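Asker: Residues per chain, in single letters:
4 protein chains.
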Amino acid sequence: MSMVNHETTAVGTVDLRTVRDYRERARELLEPHLFDNMFGTDDDAIGRTDNSNRAAFESLAFRPRILRDVSSRSLATTVLGQRLEVPIMLGPIGDARRVHPDGELATIRAANAAGISMVLSMVSSVSATEIIEAASGPVWTQLYVLKDRAATGRLVEHLAEVGSAALVVTVDNPGIISKDVNVGRPPQDWGTLKELGILETLAVRRSMIENIDPAVTWKDIDWLRSLTQLPIVLKGIRTPEDATLCREHGVDGLVLSNHGGHTLGDQTGTVARLPEIVEAAGETEVYLDGGIREGADVLAALALGARAVLLGRAQYWGLTVAGEAGLTHVLEILRRELDKTMMFCGVTDLQQVDHRLLTSVVGDRFIE
Amino acid sequence: MSMVNHETTAVGTVDLRTVRDYRERARELLEPHLFDNMFGTDDDAIGRTDNSNRAAFESLAFRPRILRDVSSRSLATTVLGQRLEVPIMLGPIGDARRVHPDGELATIRAANAAGISMVLSMVSSVSATEIIEAASGPVWTQLYVLKDRAATGRLVEHLAEVGSAALVVTVDNPGIISKDVNVGRPPQDWGTLKELGILETLAVRRSMIENIDPAVTWKDIDWLRSLTQLPIVLKGIRTPEDATLCREHGVDGLVLSNHGGHTLGDQTGTVARLPEIVEAAGETEVYLDGGIREGADVLAALALGARAVLLGRAQYWGLTVAGEAGLTHVLEILRRELDKTMMFCGVTDLQQVDHRLLTSVVGDRFIE
Amino acid sequence: MSMVNHETTAVGTVDLRTVRDYRERARELLEPHLFDNMFGTDDDAIGRTDNSNRAAFESLAFRPRILRDVSSRSLATTVLGQRLEVPIMLGPIGDARRVHPDGELATIRAANAAGISMVLSMVSSVSATEIIEAASGPVWTQLYVLKDRAATGRLVEHLAEVGSAALVVTVDNPGIISKDVNVGRPPQDWGTLKELGILETLAVRRSMIENIDPAVTWKDIDWLRSLTQLPIVLKGIRTPEDATLCREHGVDGLVLSNHGGHTLGDQTGTVARLPEIVEAAGETEVYLDGGIREGADVLAALALGARAVLLGRAQYWGLTVAGEAGLTHVLEILRRELDKTMMFCGVTDLQQVDHRLLTSVVGDRFIE
Amino acid sequence: MSMVNHETTAVGTVDLRTVRDYRERARELLEPHLFDNMFGTDDDAIGRTDNSNRAAFESLAFRPRILRDVSSRSLATTVLGQRLEVPIMLGPIGDARRVHPDGELATIRAANAAGISMVLSMVSSVSATEIIEAASGPVWTQLYVLKDRAATGRLVEHLAEVGSAALVVTVDNPGIISKDVNVGRPPQDWGTLKELGILETLAVRRSMIENIDPAVTWKDIDWLRSLTQLPIVLKGIRTPEDATLCREHGVDGLVLSNHGGHTLGDQTGTVARLPEIVEAAGETEVYLDGGIREGADVLAALALGARAVLLGRAQYWGLTVAGEAGLTHVLEILRRELDKTMMFCGVTDLQQVDHRLLTSVVGDRFIE
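Each protein sequence line maps, in turn, to chains B, P, L and A.
Per our numbering, the first sequence runs over residues 436 to 803.
Per our numbering, the second sequence runs over residues 436 to 803.
Per our numbering, the third sequence runs over residues 436 to 803.
Per our numbering, the fourth sequence runs over residues 436 to 803.
Simulated from the structure, these hints should not be mistaken for lab results.
Model, not experiment: these values are computed from the prediction.
Every residue gets a Cβ at the ideal spot worked out from N, C-alpha and C, and that includes glycine.
Fair warning: there could be bad hints in the mix.
Subject to a maximum C-alpha distance of 20 Å in a straight line, what follows is the list of computed SDA-like cross-link-like pairs (lysine to any residue) [as the list claims (entries may be wrong)]:
1. A/Lys582 with P/Ser506
2. B/Lys654 with L/Thr512
3. P/Lys654 with B/Thr783
4. L/Lys582 with A/Arg503
5. L/Lys654 with L/His684
6. B/Lys582 with L/Ser507
7. L/Lys654 with L/Glu683
8. A/Lys654 with P/Gln517
9. L/Lys654 with A/Lys654
10. B/Lys654 with L/Ser507
11. A/Lys582 with P/Thr512
Example chain B residues on the side facing chain P (calculated, C-beta under 7 Å, incomplete) [to be verified]:
12. Leu637
13. Ala715
14. Gly717
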């Protein structure tokens, strides 16, 4: 997206004015092998997918409207009926302690400060019970369907009991991703699973990845639905065909995601696929992750029909640089940029925006 | 645009043959932080918007016609019925004293020499009275609608009294731009506003930006129209929808502009949007700014329906390098290049040109 | 294609995880002039054609489907009714001893290990008799139609006698390619031709190239068909018109190939031409070579209608680095990547895939 | 165009195998300011136009046909009924003595050796009489319509008398090009004009450019036609509208040219405009210059309807490096490359080729 020009902020320093600044600082702080493994390089699928996500945003330009009263703006929205002060959620990232000792506690405190929600990873450093206790608003919880269905069932019941506001089922990773994803991960330090005693019962204890079931199908989604009243969100949809199936199976929300390039790489960029996904999803809410770097990206995603975006990399970078304070600042940067972009676009309320706010640029031409 | 090949000119030196040469010299002369802040870098919205403006020009190629008698050419046009010897105006740039001690006096003298008009910024270093007195032709004056409507009204009356030939209302900057825009600016040194005593009455004195009203709407344009007989030009239109509204509100002219990237960045380039704006604007005259570097750009903009172009960066660079003489030379370079381009294209009169003079190049293909 | 992320493999070392790693190692091992001559540079037709083949793959992105049971996958296919454990064949490369002393014996052993077939070059270092004896499955044999038709006929009969499973006739090199192709080649060391005593009877003995007949036409294909019951495959088709002629002449298979850039360079990339070739070929099976670097490329080619792909460069690189073991590892890398890509795409059987698995990316836009 | 791979030639050395090699050698030999002035840089209209001409060729790919008898090929064609052994002419370049002491005598001898024609510049170092005497085939002669029409008429009569086979009238340079074009030019050393005594009668003697008439129109073409029976060719057409006018005015041939970027720069590349020009030109023969570097370019231009191509830069480079021998070698390189390209494309006669031989590549896609 076109950036708005960044101002120096009182919260940060001159050197940390943008999410990209946080990225560069995180690069300095993390061990290079870990950094490359989490965020990719130009030569691997992780980095190339991130580049594709960015390129898709950068092919969009705003069509700003003038002479509208933009003296007050509302950045709030709802997801599954729950209020977000800005249309941003913190995506499920595993083992936040890899980058900051406070782990997901830093995350939830930053979410509280920003008035938004987080999606707690199944393989979080801190247990769901602790996180939900620390939260001032709804917390969503992520899970994989495990080969051990009994354990999966117990997990779902537990998450409902401790107060999860939605189940986010990751469906784009049927059991195998790069082993190097475990770089920097303390083995078996996953709060919720330890709390439930699930770790001990799993067939394979060495790696969580190997407990994920590659045989999971839509029937398992129906089964999850039968287990709980919680809203169900599927994460990892990339085609309108699957968005249609989400709708038909009564799924409450879906995350258009290419898993940051960590599973199957992607050349298209999630935002490029957003319009067709939104059209197919019908009543199912659509969220997007992949490549969010600026407030303008958030507005563009909403204009194309997303209800909110999820942060992955930006979240890690904020946590890496300064834990809760860093992530709080990252969220504040995005909020300010979104606010300015809305103002310059003549938008005062996110419910007003649609595709007419945008145009596409291909080469040097633009296409309405 | 395709350049014509530049000849060494008697006015300048071998090293200053093109507007780009002036840019490089200005870069040497200005403090780097100021240069970057005014003209951007490849990493910010200012520089990227400038790049987009250039890319849009560079995707155009001429369709030159042969065997027409081009022994005499007329480069003159009219804007709002006022004659320009070349279809170029000097856009409203704030605080010209930041780059040259003569400030806007240098500007108007160069405009006089070239037989063109300038648009005096509301936040000029020199007052409208002085500038209009120094002018040998019409002067347009720019303003923002301020939160203080009484002050705004006084300003409009004053500008009419001292002989402004048109009001140029900037409508794409509802109150907040990068604070760094004040880099290098002497506080409260704005001639016209001082002369009128408006500075003292403003609610916020620290920064002019904060006095601009984000609540301004088309009703305020109607109000301005009711205040004065002066022609009204709106600066900062980017959509055909708003061009249509200009027409419907009886606006006399509009400037298709992306504010040089200083407000909301733009990926499309102004000239790419020109045809749809011209079509929607109807009787309202359309001017364009953004990315003008060569005489060929001027001809291309006119072929797509602009009546004239406004210079921003090129104006600053000329003033920076040598004040009045530098800007005079910049204008002479553009005039010669435009003249040559017309001759090579088989055009003798700017009223003849239309879109048939151009073709678009996308990748390695061209499209009529 | 989008890569899947590569894991460290027990077979290789950390530094040899991808086909590209083999390329870089081969570059270190081979004499630079030989490397450039075989694999090209960015400045010659060989390298530019390879770049085009890659660019065509990289313009494709997958449309992965979710929630399908992918717990078991079959990577097998058939070519001309013969089973391949993975849809990959080893293309006919001349004089394998240039890069490894075991020559084509290393090749066939690696093919055996992978459960696939090789296409033995007419100008192989090792004779067809020896290779077929060493093979655990079908071997295809490549030939040119020579000016000496009697010798050609004897060669065809011989290949049938010793057990070739198909004749692959190269049709895109009518007699002249760069002389430098002989760099590093021991003269007249071609096993099969020596065995048959054909070398002695040829009109020109200095260079095999000069014995190839530029006058060969479809009538010669009909003649070959009349000589033998062996299936006939034509290698070097680039147009649907010629694919149609293949079908009309009862050709059993065709290889869409741009000869790695060694004959006429190509800007399009073979995979970009695949859909139209498949459509025109009808019952004639279509194979593709050019630019295969990852398992994802194999899946993409099959989704667009190829029954299998042939390896050229990747084969040489594996042989260069470690002979049989190197090539075996290259094939294992591709098999694993293909398997993972299928799993992430929701594909369990190669017979299921069609064009709906893919989307094209042009610039930053994608096109279904 | 896709290159065929270049072989070492007996005529040249290993370092001079391609036209590009000649370019690099010429760069070493010529004074940098002269080289840049004649052939441009990436930053001026000359170099950028050359880049555009190349990009247009490089967006084309061949659709080679197989199994055609290509054992003998004819590269000959006719222009205005005159035979060329290869479809290449030597374009009118001024003052060849700037790059080699033999000047245009070297040119005509190389043309003789290759069995082709040259177009002698009006401002040649050697007179038309001498050149035509030295020629073994037809010579075409170029001229501008001068302000002094009487002198123009005398020149035309003289050229006819001494045996010019066609008049090539340059129509895209109405009197003003960069003064630097005179870099390295001996003043008033133009053979034909001296011979005729025209130099003395011209209004302006300092520069030939200033004697060219910017008021020339189609009436002057009709006047030239009335003066002489010689075929008339117009050089510098870029639009189908003007190609249509050529046909209507009975012009015998036209050169689609962007003057190598020396007049009005061009972003499209001449070959991109060729199809529409050929269609509009009807019976008028179309020739093309701009960007020819390889034999493949020649074949592509002919496939799109040109009867022949003209060499500008390649001619200068050959002359610069070794006068007659250098240019002879350049022509031999192009002939061999064209021959090979024809063979690989399944073409034996240039009369067979049409647009079906080509496909266009945009980004990573191709378009028939």
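Asker: Are the hints correct? Go through all of them and say.
Answerer: Each hint, compared with the structure:
| no. | hint | result |
| --- | --- | --- |
| 1 | A/Lys582 with P/Ser506 | holds (11 Å) |
| 2 | B/Lys654 with L/Thr512 | violated (30 Å) |
| 3 | P/Lys654 with B/Thr783 | holds (18 Å) |
| 4 | L/Lys582 with A/Arg503 | holds (14 Å) |
| 5 | L/Lys654 with L/His684 | holds (9 Å) |
| 6 | B/Lys582 with L/Ser507 | holds (14 Å) |
| 7 | L/Lys654 with L/Glu683 | holds (12 Å) |
| 8 | A/Lys654 with P/Gln517 | violated (37 Å) |
| 9 | L/Lys654 with A/Lys654 | violated (58 Å) |
| 10 | B/Lys654 with L/Ser507 | holds (18 Å) |
| 11 | A/Lys582 with P/Thr512 | violated (29 Å) |
| 12 | Leu637 | violated (47 Å) |
| 13 | Ala715 | violated (27 Å) |
| 14 | Gly717 | violated (29 Å) |
The structure fails hints 2, 8, 9, 11, 12, 13 and 14 (numbered hints given earlier, in ascending order).
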